[in-house]
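**Q** One-letter residues, chain by chain:
There are 2 protein chains.
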Amino acid sequence: MEFYYYSILAGIVALVVAVISAMLVLREKEGTKQMIEIANAIKEGANAYLKRQMKTIIIFAVILSILFFFGLSNGPRIVLAFLVGAITSYLTAYLGMSIAVRSNVRTTKSAERGLNDAFKTAILGGSVTGFAAVGFSLIGLGALLAYFTTLQIPLLIGFGFGASLISLFARVGGGIYTKAADVGADLVGKTELNLPEDDVRNPATIADNVGDNVGDCAGMAADVFESYSVTLVAALLIANSLPHVTASLFAYPIYIAALGLIGSMAGIFFIPKVRNGKVVRTLYASILITVAIAAILDIALTRYLALPMGYFVAVLSGLVLAFLLFWVSDYYTGGSSKSVIKIATASKGGAGTNVIMGLAVGLRSTWMPALFVVGAILVSYFEAGVYGIAIAAAGMFSLTATILTIDSFGPITDNAGGIAEMSHLSHSVRKVTDTLDAVGNTTKATTKGFAIGGATLSAIALFVAFANAVNITAINVLNPLVTIGIIIGALLPFIFSSFLMEAVGHAANMMVEEVRRQVKTIKGLMQGKAKPDYARAVDIATVNALKSLAVPELIAIITPIAVGLIFGKEALGGLLVGMIPASFMLALFMANSGGAMDNAKKYIESGHFGGKGSDAHKAAVVGDTLGDPLKDTAGPALNSMIKVVSTISILLAPVFVTFALVH
Amino acid sequence: MEFYYYSILAGIVALVVAVISAMLVLREKEGTKQMIEIANAIKEGANAYLKRQMKTIIIFAVILSILFFFGLSNGPRIVLAFLVGAITSYLTAYLGMSIAVRSNVRTTKSAERGLNDAFKTAILGGSVTGFAAVGFSLIGLGALLAYFTTLQIPLLIGFGFGASLISLFARVGGGIYTKAADVGADLVGKTELNLPEDDVRNPATIADNVGDNVGDCAGMAADVFESYSVTLVAALLIANSLPHVTASLFAYPIYIAALGLIGSMAGIFFIPKVRNGKVVRTLYASILITVAIAAILDIALTRYLALPMGYFVAVLSGLVLAFLLFWVSDYYTGGSSKSVIKIATASKGGAGTNVIMGLAVGLRSTWMPALFVVGAILVSYFEAGVYGIAIAAAGMFSLTATILTIDSFGPITDNAGGIAEMSHLSHSVRKVTDTLDAVGNTTKATTKGFAIGGATLSAIALFVAFANAVNITAINVLNPLVTIGIIIGALLPFIFSSFLMEAVGHAANMMVEEVRRQVKTIKGLMQGKAKPDYARAVDIATVNALKSLAVPELIAIITPIAVGLIFGKEALGGLLVGMIPASFMLALFMANSGGAMDNAKKYIESGHFGGKGSDAHKAAVVGDTLGDPLKDTAGPALNSMIKVVSTISILLAPVFVTFALVH
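Chain order of the listed sequences is A and B. Here this note's numbering is used: the first residue of the first sequence is 12, the next is one more, and so on. Here this note's numbering is used: the first residue of the second sequence is 12, the next is one more, and so on.
Don't read these hints as lab results, they were simulated from the structure. Be aware that one or more of the hints could be misleading.
Identical chains blur together in the list; that is why a pair holds if it fits in one copy or across any two.
Claimed, not checked - Simulated pairs of lysine to aspartate or glutamate, EDC-like, Cα-Cα distance not exceeding 20 Å:
hint, residue 1, residue 2
1, 359, 524
2, 558, 123
3, 289, 123
4, 284, 626
5, 66, 550
6, 353, 524
7, 44, 203
Since the model is a prediction, treat every value here as computed from it, not as a measurement.
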């Protein structure tokens, strides 16, 4: 099984690329003293959050490790795998974010030299996250396989569960943090005090910029790292269960991942120049280059290994799916899409009709992604059986480095804009950073489509692996215990996201009160003569995010255990069956509603329907506020939830087979 | 099989009760000329709508009849059953609404004699809908069985599908109508012109009152009629498939329905007096009386038939479930519940935090109803097998007459309040009608929980019947074709409700423009010297509701046909598996979000957080506007959707078994 070494080798290459990218970015200049000061405040806030979050994570990890160590057969090895998964995931998020909070100010500085230079700096900064994710995952997985030398399900799933746990924390905590700060900053800053975005006088503005990093960068990185890892794990497990498994069939998904890495290097480092300010088009080109090169290499690989061409078609369906999911998010939430204009138009009737139309658009936006996923499943299944679905997912995630680069570009450019604004830089610089900031908003929205669809596909692959793990060849939905599992499964995403929405609402209100308090008590604040107490606002976001973590996370971890213990493995299978599609739809609905309402506000701000300050604009601000936690907290956190539930179900499946109360 | 005659007999008793109730109501006085004039305007608007809706229904029904006639084996008989189902359902909705639009003004008039008299008039008016639904259903079903003398699946399902089709039209059309008018009337009337609710000068006010009848009365009646009918059908079909079926087992669900009818007569006609103005408590008492008497009779029946006591426990679990679903809606959306106060408190932060919290509450509200349904399934299954689930549903729906009475009480009291307001009646009368109006809002919200949970349970029973119909004993979710079906199934409620939300947003905007136009062009309107053109507003609501019907209805009808034809019966089974739980959760989320946001506004209006006109109140009005289509259009329409999809799937199942493209 020397393909393990290929995995490690490819991982090392990815890490080298990440390190080179990091060095290139850090070589860039940081700008004026004021800019550095602001950037440092953001950096410190982000680090402080990650540190405190780590404490909570360690408590969870230690408890789970003890339980696994003593409770599962082969416990010590599972704990090792679990810790490797958790640590590599955490390293990805930490490293990516550390560079992101250093790339922001450098992007601002390079904006002095024009759009193209600033764009390249931001992309380079983002690529650290992208390549680190791939690198750590391939190395972690490869090393574990090399060490264990056998392909035991619990070990691999232990690794996946480690990654899932970190993802859950990063997505949930980061999501609450970022929107508590953002909504809080906007509600008082923009609405009450009439301050522009990122005004130095707004006490919550640093917290807002920190939030972009801990939510959109670290959270997304951990999420996609996890999907990437569990997809490979699921593919290996399914391959292992095939009667006709061969060495090359087995290594196939790892090779696909490695070839996707080469495609990503081409897509990111030979990224075309931005022409006529059309940044989004350049990013599309980058993805297309990645897809094209990966596809060519994949076809060559399939020939070389003498595998049936159907396998390549399955991989290709995954690649195409990734692109389509990227496109369809843009179609529904893009700056001047039909749906966005519909919402903007509805704003003329007031906030009520704005949010009605915003939710309608989100609900509508589910159909194309759902049918794309259905299409990919159909094609890959007919071409290569159940294994085809797993390699379609592997194909899709072979683009991870590129997609995560483009995603992390978002918080970097958002911060760059903030720093430019707070440092009162020249109009020309701010024009560049504003352009990039707007693009960053779009990419953050579009990469979500990829993350949600990908999480679904990887959860389906895991589900098949689950069935293998518990030795069931059929889960019969006519069994009422399965029906019960299905209902509880469909319930999970709703109840889980309710806690996140409420947490944001609550924390944002606390932020609002703090900002009001500072404005009242700090003399000269509004005149720009005194500095606000940024640290306190950062602290409020941090404390509230961490406080609100526990309940939803416990629900996600305990529900599958309870259903498995009480009703047995088939009901647990039902739970996964109910959860995955309901969560898929709810996540799409939330992410796209939020994205479209955000851009509807921006559409009005760009001068339509009376522009900034008009009644339509005020209505659209309400929609944007509602959209914030939908798109950046609840929606994306569902990805992490379904994978945690899936991995823990498989991990503990042997226990449920023995112990279930009801059969 | 002489139990058919019991069904017909019980149905006749119910109809007699309905007729007596109607006569008693019509004997009441109608009040002043002005009151009669307003009531007539509402009546005419409602009749005009039903008439025009019927034209659209006839087109659908004729096309479907032709397809069934020639396309299905035993076609002519299926068409007959289909038409009986459609006509009895339509008669229920029509008769119920005809009395409701006559009871409203009589309730206003009797309010002169105090709260208790007005309460009784409204309950009497509502009971016509309740008993008519039970009567028509039992007679229709019994007559078909007596005529056919055999228990063929397609015939029974044809009856169910007829009821489903009417339900879909009534729920979707009525839902769009009522909220287009309501939102439109509020947006201009209350927000722009500062008019109170139901002000005569608001051109949309008659349309708003019509909407309550066509949506909350006719729509709900058709919905519950359908659930009632298909539950009985499903129970008969499942009984028929049991290896140990006996005559008494077979007749059991019909007897349960008949005994529930007796319980309802006691609950409605021996309803306690309202003490200390606590109307809601009196209604709770009415339900408890119904439940208690039905339960006592059911236990006696089970003994008499010498059936195992487990069957009674299953029925009891349904009765308890009905009560719990009623209670839990009240728990989340009731006037001064914790959740409502949470939303009201969040309104202090503005409209954005109000709607964030409103959606959070709705998402949260899913867990108890879901677990209650799970509990009922568990209990009934362990006590009486799969058949137990069907008789639990039958037990639950044996309360139909009482629940529908209490529901129809809502639009009657709402209209009564409107008529009192528009006729400028004395303060004491308006105090009575306002109290009843507030209670009506609560009961409309709480009966929704019953309707949603009941629709889910009856869909599950239908699903089991579906499996029998296509001779499958297992639907294996590990089959990728089933996976595809599941994803498409989960998609259906999202895409379906998107059209309804959008339709309301669109139609409300047209209403807003019309009201603005009238205010501008009709001289002396705002001074009360000239009358608005109510008819035009009614017309706008009518036309828009009917125009927006077609697409969502076609999606609901065509999707299962397409999935069945292309992917076969197992994928279609997957579609039902994906759809039912996702729709259940989405409907609960929507209905309870809307109900809670509505009452949060009322909570503020009652003097909290600054009361009417405060910033918090303005924020809460936005939430109420969003909540309107969630709770009265999209949420309830999902009930009808899942049953149409279920019944058409079973009806056409034999075709899919022969013709599916992929196997």
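**Q** For which of the previously enumerated hints does the structure constitute a violation, in increasing order of number?
**A** Numbers 2, 4, 7 - these are the hints that the structure violates, sorted from lowest upward.
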